[in-house]
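Asks: Chain by chain, the residues:
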Amino acid sequence: MAELLVQLAQGFLVTLELFALTLVLALPLGLLFAFGLMSRFRPVRWVMKVFVWIIRGTPLMLQLFIVCYGPALFGLSAIRNSFLAAVIAFVINYACYFAVIYRGGIESISKGQYEAGQVLGMTGAQIFSRIVLLQVIKRILAPMSNEVITLVKDTSLANTLGGIVEIIAATKEVTGATGMPLIYPLLGAGVFFLAFIGLLTLLFGYLEKRLGYFKV
Amino acid sequence: MAFLEVKNYRKRFGENEVLKGISFTLNKGEVLAVIGSSGGGKTTLLRCLNFLEIPDEGELYLGGEKLFDAAEKLKISNARIREKRLHFGLVFQQFNLFPQYTVFKNITLAQALLARQEFSRKKAEFSAARRGAPKEKRAQLKAEQKKILAEIKANQKAAIEQKTLALLERVGLSEKKDAYPHELSGGQQQRVAIARALALSTDILCFDEPTSALDPELTGEVLKVIKGLKSSESTMIVVTHEMDFARGVADHVVFIADGQIEEEGTPEEVFGSPKSEKTQAFLRKSLEELF
Ligand SMILES: Nc1ncnc2c1ncn2[C@@H]1O[C@H](COP(=O)(O)OP(=O)(O)OP(=O)(O)O)[C@@H](O)[C@H]1O
Ligand SMILES: [Mg+2]
Chain R
1 MAELLVQLAQ GFLVTLELFA LTLVLALPLG LLFAFGLMSR FRPVRWVMKV
51 FVWIIRGTPL MLQLFIVCYG PALFGLSAIR NSFLAAVIAF VINYACYFAV
101 IYRGGIESIS KGQYEAGQVL GMTGAQIFSR IVLLQVIKRI LAPMSNEVIT
151 LVKDTSLANT LGGIVEIIAA TKEVTGATGM PLIYPLLGAG VFFLAFIGLL
201 TLLFGYLEKR LGYFKV
Chain Y
1 MAFLEVKNYR KRFGENEVLK GISFTLNKGE VLAVIGSSGG GKTTLLRCLN
51 FLEIPDEGEL YLGGEKLFDA AEKLKISNAR IREKRLHFGL VFQQFNLFPQ
101 YTVFKNITLA QALLARQEFS RKKAEFSAAR RGAPKEKRAQ LKAEQKKILA
151 EIKANQKAAI EQKTLALLER VGLSEKKDAY PHELSGGQQQ RVAIARALAL
201 STDILCFDEP TSALDPELTG EVLKVIKGLK SSESTMIVVT HEMDFARGVA
251 DHVVFIADGQ IEEEGTPEEV FGSPKSEKTQ AFLRKSLEEL F
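As you go down the protein sequences, you meet chains R and Y in turn.
According to this note's numbering, the first sequence is numbered sequentially starting from 1.
According to this note's numbering, the second sequence is numbered sequentially starting from 1.
Pulled out of the complex, with its shape left as it was, chain R reads as follows (with noise of 0.2 Å):
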């Protein structure tokens, strides 16, 4: 029963690096994207356009495996590392569906705030900065609370990469080791998954309300 514990445990702690590793570094690049997405410049928006097409019209499986064995395509090995080929894949994956969020939020903030900042001499960094920023995380909330939630649960994908042992894989470990039936280790990822998302919940609850001082 311990050993089972410490098992899961153990992948569970590879499924929030994968977790981590991929929220703080696509929260950023989507926001590159998204400013691509809205860029003046028609070839970066259609460029931009297209990347997110192909991103979201193809399992996350699928770019798992093109990440690892694209290199092949320039005749080199496939990424060894099969980690670090599952965070890239990840991170360019959220990193689109972050993008079309922080576009729609961007773009629902009315033009009077951008020009209430303009008249005032403000500079578009500081408007952005100080105005429109915190107005745009208040409306992305909600949906970013989901991409969220479905991202901890989408890195059980990269243990088809093989060589990771997540929270899943590792339920296969225990039982070879042990002999116990599948089901129980399934049932105790089942429980470290509901409270760990349990968590953020309550952290996304949080954080609205502590944005709840202001309409927008």
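Hints are computed from structural coordinates only; laboratory data are not their basis.
Using N, Cα and C, we set each Cβ at its ideal position, and we do this for glycine too.
Please note that a few of the clues may not be correct.
What follows is a list of derived Cβ distance ranges for each label pair [unchecked claim]: (1) 105(Y) x 125(R): 43 to 53 Å; (2) 37(Y) x 111(R): 22 to 32 Å; (3) 152(Y) x 163(R): 52 to 62 Å; (4) 53(R) x 148(Y): 52 to 62 Å; (5) 148(Y) x 28(R): 37 to 47 Å; (6) 132(Y) x 207(R): 47 to 57 Å.
Stretch-level coverage of chain Y by chain R, calculated; a stretch enters the list once three of its residues show a Cβ under 8 Å from a Cβ in chain R [what the hints assert, rightly or not]: (7) 87-99; (8) 106-120.
Cross-link-like lysine-lysine pairs, in silico, BS3-like; alpha carbons within 30 Å at most [unchecked claim]: (9) 73(Y) x 215(R); (10) 209(R) x 153(R); (11) 215(R) x 224(Y); (12) 28(Y) x 275(Y); (13) 7(Y) x 73(Y); (14) 177(Y) x 230(Y); (15) 111(R) x 73(Y); (16) 146(Y) x 111(R); (17) 215(R) x 105(Y); (18) 111(R) x 105(Y); (19) 142(Y) x 123(Y); (20) 230(Y) x 209(R); (21) 215(R) x 157(Y); (22) 177(Y) x 215(R); (23) 142(Y) x 111(R); (24) 73(Y) x 209(R); (25) 7(Y) x 66(Y); (26) 111(R) x 176(Y); (27) 176(Y) x 163(Y).
Fit chain Y with the ligands to the known structure of chain R by using the hints.
Replies: The following block gives chain Y with the ligands in isolation, referenced to the frame of chain R:
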């Protein structure tokens, strides 16, 4: 010599020519009321004055100096546009307060950013001076400069605070200083917006129908504040549908129809004995709407 001179402003959106050559002058300390029917180009004119739109043609002189010339518009950088904007303030029909900031912060934000810019410039100046000084004196100089900079920062902060409190008193909202915009009535929000615009001490303050988004019982308080701003120092341009107000507060009135100035003069002239038929029809109609 007029304080503000607008020469032949033209602006088109696609095929639609919205300003068809607007020219007028305004003296320092005067209030110009702009009236006209919907779609005539009044808002577009104010937006051009504030460089939210760039006119296609025309020139603008302020205090005798050329501030803008459409012939050179392609050469003007964003930073230069931003500098030009600081000569003009604009109060919007829809207030456009920043919802996440208190009333106080709404008014101080732009002042603080400008002060910071000023501070950085001073700091750069100081470090240049340091590099120019003989080596053995640099440490001492640095210490002195540090003290001066700290003083500047403290003074800036105090000045901004003092000015903001004074402005809040002027618009009658001292006790709302820590409220958020959504906690205020429309009239109160618009008074905050006026204080925010006043905070930058622009040369000319523009109002775009400042009361038309308000319930009738709230227009009075805002108009009273605007009336109270009238002084030899403040030059204002007010687009309004409130004819009584225009009559009472303006030194000069222009009637804009279809992108052109159809009639202009003192309030007595324009309201008392309008020469143009369009003006007469417009005034008759706005009287009818009242009753
Ligand atoms: N950004 C824009 N793009 C295209 N057309 C515009 C734009 N801004 C204004 N217009 C057009 O310019 C014309 C004048 O508009 P404007 O808002 O200046 O009129 P107004 O005199 O302020 O009217 P109102 O009394 O209704 O506020 C209108 O026909 C409008 O559709
Ligand atoms: Mg208008």
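Asks: For the pair we were handed, residue 73(Y) and residue 209(R), check the Cα-Cα distance against 30 Å.
Replies: Violated, at roughly 47 Å.
Asks: Under the criterion that the straight-line Cα-Cα distance not exceed 30 Å, is the pair residue 142(Y), residue 123(Y) satisfied?
Replies: 11 Å, holds
Asks: Given the hinted pair residue 7(Y) and residue 66(Y), is their Cα-Cα distance within 30 Å?
Replies: Between residue 7(Y) and residue 66(Y) the Cα gap is close to 11 Å, so the pair holds against 30 Å.
Asks: Checking C-beta pairs, does the segment 106-120 of chain Y have three or more residues closer than 8 Å to chain R?
Replies: With 4 residues close enough to chain R, the hint holds.
Asks: Between the beta carbons of residue 148(Y) and residue 28(R), is the distance compatible with 37 to 47 Å?
Replies: 38 Å, holds
Asks: CA of residue 209(R) to CA of residue 153(R), is that 30 Å or under?
Replies: 25 Å, holds
Asks: Need the status of pair residue 230(Y), residue 209(R): alpha-carbon distance at most 30 Å?
Replies: 44 Å, violated
Asks: Given the hint that residue 215(R) pairs with residue 157(Y), does the C-alpha gap stay at or below 30 Å?
Replies: 28 Å, holds
Asks: Checking one constraint from the list: CA of residue 176(Y) to CA of residue 163(Y), max 30 Å. Satisfied?
Replies: 16 Å, holds
Asks: Given the hint of 22 to 32 Å, check if residue 37(Y) and residue 111(R) actually sit that far apart at their C-beta atoms.
Replies: 24 Å Cβ-Cβ, so the 22 to 32 Å window holds.
Asks: Look at the Cβ atoms of residue 152(Y) and residue 163(R) and judge whether their distance stays inside 52 to 62 Å.
Replies: Roughly 59 Å apart at Cβ, these two residues keep to the hinted range, so it holds.
Asks: Quickly compare the C-alpha distance for residue 7(Y) and residue 73(Y) to 30 Å and report which way the hint goes.
Replies: 15 Å, holds
In summary, the structure is inconsistent with hints 1, 9, 16, 20, 23, 24 from the numbered list given earlier, while agreeing with the others.
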